[in-house]
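Enquirer: Please work from the sequences and hints to get the whole structure.
These protein sequence lines are chains P and E, in that order. Numbering follows this note's numbering, in which position 304 of the first sequence is assigned residue number 290; successive positions increment by one, without gaps. Numbering follows this note's numbering, in which position 94 of the second sequence is assigned residue number 80; successive positions increment by one, without gaps.
Among the hints, a few may not be true.
It does not matter which identical chain is meant; a pair holds if it fits inside one copy or across any two.
[Said to hold, decoys possible] With a cut-off of at most 25 Å between alpha-carbon atoms, the simulated SDA-like pairs for lysine to any residue come out as follows:
| id | residue 1 | residue 2 |
| --- | --- | --- |
| 1 | K282 | S177 |
| 2 | K361 | S332 |
| 3 | K349 | F360 |
| 4 | K449 | N229 |
| 5 | K361 | H291 |
| 6 | K354 | R262 |
| 7 | K5 | D183 |
| 8 | K484 | S148 |
| 9 | K418 | N229 |
| 10 | K449 | V352 |
| 11 | K282 | V352 |
| 12 | K484 | V157 |
| 13 | K449 | R145 |
| 14 | K354 | K449 |
| 15 | K354 | N289 |
| 16 | K174 | K449 |
| 17 | K437 | E278 |
| 18 | K484 | Y416 |
| 19 | K449 | L147 |
| 20 | K449 | V157 |
| 21 | K449 | L293 |
| 22 | K525 | R509 |
| 23 | K267 | H291 |
Honestly, the hints are just simulated from the structure, not real lab data.
Below, each chain spelled out in residue letters.
Protein chains: 2
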Amino acid sequence: MMKWWGWGSPDFEFPMHEKPDLWPWIVDELNLKGIEPVKAVGRDKVSLAAPIRNDAFCRELDAALHVGQFTFDEEQRLLHSYGKSYPDLFRVRQGIVRRAPDAVVFPERHADVETIVKAAHRHGVEVIPFGGGTNIVGGVNPLKTERMVVTIDMARMNRVLSIDAESLTAVIEAGALGPKLEQDLQSKGFSLGHYPDSFEYSSLGGWVATRSAGMQSDAYGKIEHMVVALKMVTPSGTLATRNVPAASSGPDLNRLMTGSEGTLGVITECTMRIHRTPPVKDYRGFLFKSFEEGVKAIHECVNTHNLPSLIRLQDGYETQLGMRMKTPAKGIEGFIQRRVKAYLKSRGYTYPAIMIVGFEGDKAHVAKVRAATFKILKKHQGFHLGTSVGKTWSKDKFNLPYLRDYVMDYGCMVDVSETSTPWSNVLPLYHKTVAAIKERFASPDHPGKGKGFIGCHLSHTYKTGACLYFTYGARQVPGQELEQYYGYKGMITELFMKNGATLSHHHAVGTEHQPWMEEEVSRTGIQALRAIKTSLDPKAIFNPGKLIPTAAPTENGNGASSKHADPTISGR
Amino acid sequence: MMKWWGWGSPDFEFPMHEKPDLWPWIVDELNLKGIEPVKAVGRDKVSLAAPIRNDAFCRELDAALHVGQFTFDEEQRLLHSYGKSYPDLFRVRQGIVRRAPDAVVFPERHADVETIVKAAHRHGVEVIPFGGGTNIVGGVNPLKTERMVVTIDMARMNRVLSIDAESLTAVIEAGALGPKLEQDLQSKGFSLGHYPDSFEYSSLGGWVATRSAGMQSDAYGKIEHMVVALKMVTPSGTLATRNVPAASSGPDLNRLMTGSEGTLGVITECTMRIHRTPPVKDYRGFLFKSFEEGVKAIHECVNTHNLPSLIRLQDGYETQLGMRMKTPAKGIEGFIQRRVKAYLKSRGYTYPAIMIVGFEGDKAHVAKVRAATFKILKKHQGFHLGTSVGKTWSKDKFNLPYLRDYVMDYGCMVDVSETSTPWSNVLPLYHKTVAAIKERFASPDHPGKGKGFIGCHLSHTYKTGACLYFTYGARQVPGQELEQYYGYKGMITELFMKNGATLSHHHAVGTEHQPWMEEEVSRTGIQALRAIKTSLDPKAIFNPGKLIPTAAPTENGNGASSKHADPTISGR
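Expert: Here it is as structure tokens:
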């Protein structure tokens, strides 16, 4: 499990000391001079309300499960109280736990989940499916309720059950975290190839439930493209689909379970498309004169079928951050690097955009795609930086959430907003979003006095468009930290919705994006989702209040939770 | 519109006279010697029951639509009575029309559809969305009912509304038939690239509603992979999704509408992924020593990313048919062909399997993929036949349904069953299915006395499996033609369901596959589908009796319509 007060391993903090160029730059960009860091409160300052116990339910579970599977342990309850969103961490760092689950249960097989769900349904106990707890949209947080709330932690269901080496599929239990799953598959010569930023602490079931996208999605697809069949336990029985490559037997129920965010049931087993572990993995860096030029290059790669397995373009601002993440080279290497930098500056790379491209496969395949890709990138004046940038990025890619914790110590709001949009709208949307956030930095009530961090990268490409991923940071408004956060969040999301983009490309809905669900999928779409929910989960025990707006739609309003405000504060 | 009594243009019949080798072979294979052909009855022998009129509904439509949009014309009613399945044609050829729609309405824009659906919902009039009428699973047939039934023929909504050339998407009205749609797109330099066997007479909306697969699906995907956004009019309002390349905003509602077979609403507009018209199209023929060897070659192409846009492997039996479809060459060409044949025979190609491979794209791309593919095919002893086989196949590919009509004149049952299965099961399933059908040919009550047609091709490949498409034909059992047909259909479908295959890969469910829906998607899956149906269409006016089993599930049975029997005969 991760730290209760922040991201990742309790034994690890962001290695700021290894990056001497980074902190001075952040201090300047966020206007943090003179601020003293404040850590999360001590564990002793955190107290949870006494758990609600549904005795009949507890008796049933105690009888059916063995010791250690069903616990009221306060440590466990705390660890399952929140995901890892900015407001989650903002609260828990101060010792605020609004609603902890009353108990945590650890099923060890599909039949355990059926037992738990049947008992919960019978006795009206709310359940929250929990994978690794990395959710950043409020998806695993218990909401206000008088009913008993039990978190179903899937951690012990983490086995690869079978591999069909000929068909390249594997049946995997949903609780497997990224590293375990890849280790088990790779020991047999296979890989799923799904590497979201949360990889180290997120689970297969969580990826499927939230429609996650991994770094190599250009090669292997988003998680929904890898799903072949699923098993999901609902209060109305187990929904199971067939292990077949394609079908036309009605609406695709895999896609009903995928993205259901624990509101319809618990996903227990996933039949996934896998591939043979690629013998060659080759990561390279390229520098472009501008984000715009890099976007054009990527789009040409997509259009000409010359697509690396990974392509990630950081805008000028994120590139500045990336460059400062590097430990400065010394001696001759440092001398060369400074010369290269000076040379590039003289050639017009004054505020460049860095691109990471990754190639995976056998030697011949990698050589072929790499040659074709390089030709296109160079045509767009991409400057080849070699393999070292790729290596630095590879090393740091899972460390960025730790950096958020570090910066939060200094009283900063840090969050991300990601979306997807058609190619014709990628650059217009990029510019509009950056401008809107900068405008907010410039507002008189911003304590950063015009300063703040707003960077973006383009990752995850499709024939028809791409994902834009914005990261922003600013000094907190003391005493109004959450209002400030929901102000930014709401403003950016509104901008996405009004400008031809999606509510979320791979972070899901939870509570944070729920107010816009009707704009996203139409009122009739919401009605369809509610109908499934009501039928499969008539007592509304599964992750209530998440994903699907619960208020009845009205003629004049969208009927959803209010926008621009913490949707979990009022009424629930 | 097509012939009321058979497939395709009333001016066209299968050009048997151009294929002198074909008919003698069919006569022998099906044991048809001495049978005199019997054509469909004359139009004068067909009479329809007087239409049921819901006056309030009719008044509303007359007021809202212009003359010619809403008709009780008997010609139109007849043409919309059936799809083109074998039992459909078997009945209508004898003049049997079990239930015609009472009227046909032709919307010309999205707003017309909203008007029609609102009125139908208000007055309890059943509606059946109709594209081109090529459905072969009973999907467009009105079933027994006392309510008025109106077929919504989408033919006039056939425009390409807009093209985003940069993002490679087009918004297209759902009623566009294949040829019109391709013509409109190609005149602007684009193509959808969806060519199902029914291409000439099927519509975009029909493809989406039934999860169709085109011949080039290896390059462009099944229709569901090309859908970017949809608009569907339901009795509860219009369900609309966003034009974005990917999202994680809950279950994918595109995939709820795709495959809904007119049971939830009418699809009116589709935002589709398109591509630039490929400058080069290159079709080749290859000969393999066996179906098994050809399957191995295809699987290797899939596994090494060397995939033509089309790859279609016919088994030995279908190859025999294909060879006899060709007009025999004369003179020197004929001499050469005979020599090649003899040579091949001497090298072990005694009962060969023919493969058509197609390459599309720019010259360089085609050259690259072709070279890599040829290498693999030759490794598996594929003998390159050049471009002429590809051309013959291209020419004949849309003519096969006409051949069915021709053979039906001679008292034959002809049908197809298609499925998909993981690679590890492709050959086992192939052998089991062929053996089971041959066993039936050998049964004492088979009038063909052991003779019959059973061929198969593999088309539509995926990383994890492929589609198998079986065609079978046999002499009819006089007086028991439909029982015979449902006997074969039921036997093959049971075999698919018990042996790790899907109910249908691209022909959809309708009434013909409905009895197996619970086995396909589980009881809880059916419950989810019913819940959506009941919510969006509370009066059950949309294509009632199709796709979703209507009977309540019972504890011991699947509760669906009975198997091995015409599901439309009893009770409905």
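Enquirer: Could you run down the list of hints and mark each one as holding or not?
Expert: Hint-by-hint comparison with the structure:
no., hint, in the structure
1, K282 / S177, "between (31 Å within a copy, 23 Å between copies)"
2, K361 / S332, "within (23 Å within a copy, 48 Å between copies)"
3, K349 / F360, "both (16 Å within a copy, 20 Å between copies)"
4, K449 / N229, "between (27 Å within a copy, 13 Å between copies)"
5, K361 / H291, "both (13 Å within a copy, 21 Å between copies)"
6, K354 / R262, "both (19 Å within a copy, 23 Å between copies)"
7, K5 / D183, "within (20 Å within a copy, 62 Å between copies)"
8, K484 / S148, "between (46 Å within a copy, 20 Å between copies)"
9, K418 / N229, "between (44 Å within a copy, 19 Å between copies)"
10, K449 / V352, "both (21 Å within a copy, 19 Å between copies)"
11, K282 / V352, "both (22 Å within a copy, 24 Å between copies)"
12, K484 / V157, "between (41 Å within a copy, 19 Å between copies)"
13, K449 / R145, "between (35 Å within a copy, 23 Å between copies)"
14, K354 / K449, "both (20 Å within a copy, 21 Å between copies)"
15, K354 / N289, "both (17 Å within a copy, 16 Å between copies)"
16, K174 / K449, "between (33 Å within a copy, 18 Å between copies)"
17, K437 / E278, "within (24 Å within a copy, 67 Å between copies)"
18, K484 / Y416, "within (14 Å within a copy, 52 Å between copies)"
19, K449 / L147, "between (34 Å within a copy, 20 Å between copies)"
20, K449 / V157, "between (29 Å within a copy, 16 Å between copies)"
21, K449 / L293, "both (11 Å within a copy, 18 Å between copies)"
22, K525 / R509, "both (23 Å within a copy, 19 Å between copies)"
23, K267 / H291, "both (19 Å within a copy, 17 Å between copies)"
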